[in-house]
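Taken in sequence, the protein lines are chains A and B. 1 is the number of the first residue of the first sequence in this note's numbering; add one for each residue after it. 1 is the number of the first residue of the second sequence in this note's numbering; add one for each residue after it.
These aren't lab readings, by the way, just hints derived from the structure by calculation.
Simulated DEER-style distance windows between Cβ atoms:
hint, chain 1, residue 1, chain 2, residue 2, range
1, A, GLU244, B, GLN227, 44 to 50 Å
2, B, ALA173, A, GLY144, 54 to 60 Å
3, A, GLU240, B, GLN227, 40 to 46 Å
4, A, LYS337, B, ALA333, 31 to 37 Å
5, B, ALA269, A, THR88, 55 to 61 Å
6, B, PRO25, A, ALA24, 51 to 57 Å
7, A, ASN197, B, GLY127, 49 to 55 Å
For each residue, glycine too, the CB sits at the ideal point set by N, CA and C.
Number of protein chains: 2
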Amino acid sequence: MSDLLKDLFTVLSFQSISTDPAYAPEVQKNADWLVAKLSSLGLTTTLHDTPGHPIVIAQNKHAEGRPNVLLYGHYDVQPVDPIDLWDTPPFEPTIIGDKIFARGATDNKGQHMAHLKAIEQLLTEEGQLPVNLTVLLEGEEEIGSPNLVPFLEANKDTLPCDIIIVSDTGMVAPSTGTMGYGLRGISCCEVSLEGPNSDQHSGCIGGAIANPATEIARLVSSLHDNQGRVMIDGFYDDVEPLAEWERDMWAEVVGMDEASMLALTGAPALHGEAGYSSAERLWARPTAEVNGIGGGYQGEGSKTVLPSTAFCKLSFRLVPDQDPDDIYEKVKAHFEKHTPAHITLKVDKGHGGHPYRSDPHDRFGKVAQAALKTVFKNDPVLIREGGSIPIISDFKRILGADTLMLGLALPDAQIHAPNENFPIENFEKGVELGKTLIKVLGKL
Amino acid sequence: MSDLLKDLFTVLSFQSISTDPAYAPEVQKNADWLVAKLSSLGLTTTLHDTPGHPIVIAQNKHAEGRPNVLLYGHYDVQPVDPIDLWDTPPFEPTIIGDKIFARGATDNKGQHMAHLKAIEQLLTEEGQLPVNLTVLLEGEEEIGSPNLVPFLEANKDTLPCDIIIVSDTGMVAPSTGTMGYGLRGISCCEVSLEGPNSDQHSGCIGGAIANPATEIARLVSSLHDNQGRVMIDGFYDDVEPLAEWERDMWAEVVGMDEASMLALTGAPALHGEAGYSSAERLWARPTAEVNGIGGGYQGEGSKTVLPSTAFCKLSFRLVPDQDPDDIYEKVKAHFEKHTPAHITLKVDKGHGGHPYRSDPHDRFGKVAQAALKTVFKNDPVLIREGGSIPIISDFKRILGADTLMLGLALPDAQIHAPNENFPIENFEKGVELGKTLIKVLGKL
Chain A
1 MSDLLKDLFT
11 VLSFQSISTD
21 PAYAPEVQKN
31 ADWLVAKLSS
41 LGLTTTLHDT
51 PGHPIVIAQN
61 KHAEGRPNVL
71 LYGHYDVQPV
81 DPIDLWDTPP
91 FEPTIIGDKI
101 FARGATDNKG
111 QHMAHLKAIE
121 QLLTEEGQLP
131 VNLTVLLEGE
141 EEIGSPNLVP
151 FLEANKDTLP
161 CDIIIVSDTG
171 MVAPSTGTMG
181 YGLRGISCCE
191 VSLEGPNSDQ
201 HSGCIGGAIA
211 NPATEIARLV
221 SSLHDNQGRV
231 MIDGFYDDVE
241 PLAEWERDMW
251 AEVVGMDEAS
261 MLALTGAPAL
271 HGEAGYSSAE
281 RLWARPTAEV
291 NGIGGGYQGE
301 GSKTVLPSTA
311 FCKLSFRLVP
321 DQDPDDIYEK
331 VKAHFEKHTP
341 AHITLKVDKG
351 HGGHPYRSDP
361 HDRFGKVAQA
371 ALKTVFKNDP
381 VLIREGGSIP
391 IISDFKRILG
401 ADTLMLGLAL
411 PDAQIHAPNE
421 NFPIENFEKG
431 VELGKTLIKV
441 LGKL
Chain B
1 MSDLLKDLFT
11 VLSFQSISTD
21 PAYAPEVQKN
31 ADWLVAKLSS
41 LGLTTTLHDT
51 PGHPIVIAQN
61 KHAEGRPNVL
71 LYGHYDVQPV
81 DPIDLWDTPP
91 FEPTIIGDKI
101 FARGATDNKG
111 QHMAHLKAIE
121 QLLTEEGQLP
131 VNLTVLLEGE
141 EEIGSPNLVP
151 FLEANKDTLP
161 CDIIIVSDTG
171 MVAPSTGTMG
181 YGLRGISCCE
191 VSLEGPNSDQ
201 HSGCIGGAIA
211 NPATEIARLV
221 SSLHDNQGRV
231 MIDGFYDDVE
241 PLAEWERDMW
251 AEVVGMDEAS
261 MLALTGAPAL
271 HGEAGYSSAE
281 RLWARPTAEV
291 NGIGGGYQGE
301 GSKTVLPSTA
311 FCKLSFRLVP
321 DQDPDDIYEK
331 VKAHFEKHTP
341 AHITLKVDKG
351 HGGHPYRSDP
361 HDRFGKVAQA
371 ALKTVFKNDP
381 VLIREGGSIP
391 IISDFKRILG
401 ADTLMLGLAL
411 PDAQIHAPNE
421 NFPIENFEKG
431 VELGKTLIKV
441 LGKL
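Could you put the whole structure together from the sequences, leaning on the hints where they help?
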């Protein structure tokens, strides 16, 4: 094994599963290792306890007039269930072919360790960094970063920040430099309907009172028209139209064509808002999605009840400049308007997160693309992400800086799933990218 | 305790739960007791084994020129779960106030034992019966009578039958003689939709492919228009219109007014097919009911998946002359027509049963109403039932005879539930009804 991989393999062996309290000592062990490592590089490193898992902060000596760069990553990982589906032990990193298999290999140890190796090499080769660097590594990303926002708010004065680097998103294809400049936001809610006060006999009562399962279906069906457009009043009011350059660029983007999307999902056909491509639907258009629907008998065979209650769990993916609270109010108003008097409605608000978009053509975006081109030898692909990373908009709000999303994850990385993996090439390119980027940022 | 109740209490102590094989000896014990009892009355009594629980047949000596009367009942009962909610032990019949509390008190031991007591008293008082009587008591009604149809088909020659008496339905109110002359049929199916080949991330994929939970809701919502009318092509083709005399009669029927229906169910308002009353909706109009709907995340909180599959379980209550197989084909065609190409449909056929209606004004109906009037001292109420009792139409098909449904169950009898009960008055009136009816049938 090369020296380059040695530290990565060490951190991949820590069972830093943040959601399960039984693994708290392993999370702590990973944090302690990071503190020791970053200190050994000469960075001023501190471990910040939180009500949950600790946050690691490391800084070089900052000087006036240099860009303030914050590098973010997370050292916690997802659980490994179902363990039986792993071909190798998840916390014994194993190289098979040209890939490293381990929990966290891509998400996110492989990606942030590439940046730490870049810093180590720069410091070894040049003695110092050309930027004011702050490394921020948290241990709670996989459980929603509950303590990061309070930490940022309490410590923003010691976290000077012009630009943030995050490698925690995807590449569209192997060896294809990819820069993300947008994320969808989210607004969640649960809708419950109550009819009779207990399940009724569908023969003795069915036909004379409303059926909550039928009514929840009618409410869900009111969310879209036949063209896949969301029918909630005002839903699109704040949606920023797609720019022509984005539509042109995404028309060509690898992996988003019909055949690739069908192969990826196994769906019988594509379906979405009429007038938009898959890339546009995923990256720049909002959605109304049912995450769960239920009511009445769920077992084998039949049970002829008229259920007492039914529910649906909904999430709305949002794009700039939709606001999660505003969308929740519009959703609630929609259901109140569409619920007939013969059934009782309850809407419960769930979590929300703001959408995010930066200008990929500003000075930071330009140097990031230059760095990607240097490393990957091709024109970088500019994408947004369909998912939501609320901390990116929290960074913007609290620290005032945009984020360069320079993801190294491949579509088949199996993040959150058995046999998570990371190509050695991606790790090596990540190190190169980290070095190149800090150098070009230092010249701004 | 009166002598009249002694035999009833004996049979109520048998734990004749048909669905649980552990109780098979208790079911057998009940059957053996019935054989002994009916034999002791001088009836020719036989116990017929089946692949499940036995059928008891008892006949007096038949003579030419007398009406052939078949009395049907079932000596099996529902399970007693949840046992904690019973105020008295379910198999230790207990009188509280003027009611008998026990599993089976109403359904069906109390009702068929009233008829057996009537036969006993008639034989004691008159030495013989004025009709050719066949008593048929089965032990599998609560599990769908799987062996009754084969038994009827194999033995129809020894089961001469002009009219059938069944007390296994409801009275509209206490002390109100009630005759049922119709039942709804049923046609069940399960509809499954399949989209992507596994649950997808609602951010990364949501918006670009169809969501099976959304699509099942859209299919369910296609079942009804805004007036509660079923929108399946041809669904109402074979529906017999309500007669004017039925509409007039049911307009007055006790217990079916808005306040009673709301109190019974706890629903916030009534709802059903526009243009019909609750009684009409329940007894003479077909329905499309969702018994269960499901798909995606069912747990607490949120999980932002785009589910791979979704389903709904449907039952259609049918009225004369709808046919369960024909309705199933129309339902299937409806879903095939309404399912878009971006989702994969599967429809599985469930059980079915024919609707039933007799003429309450034929000669048997008239004498039954006369008997009810004699016993209850008021004009009997003529109703149909919203539920389905498939054996009634099986009797018609195999034995060629209609059924007089002379139910003694009250709306608060708690059948199939904890604290099942039967008023002593209903048992006593049932004995009187049985005697009166056999006497008037003997005069036909």
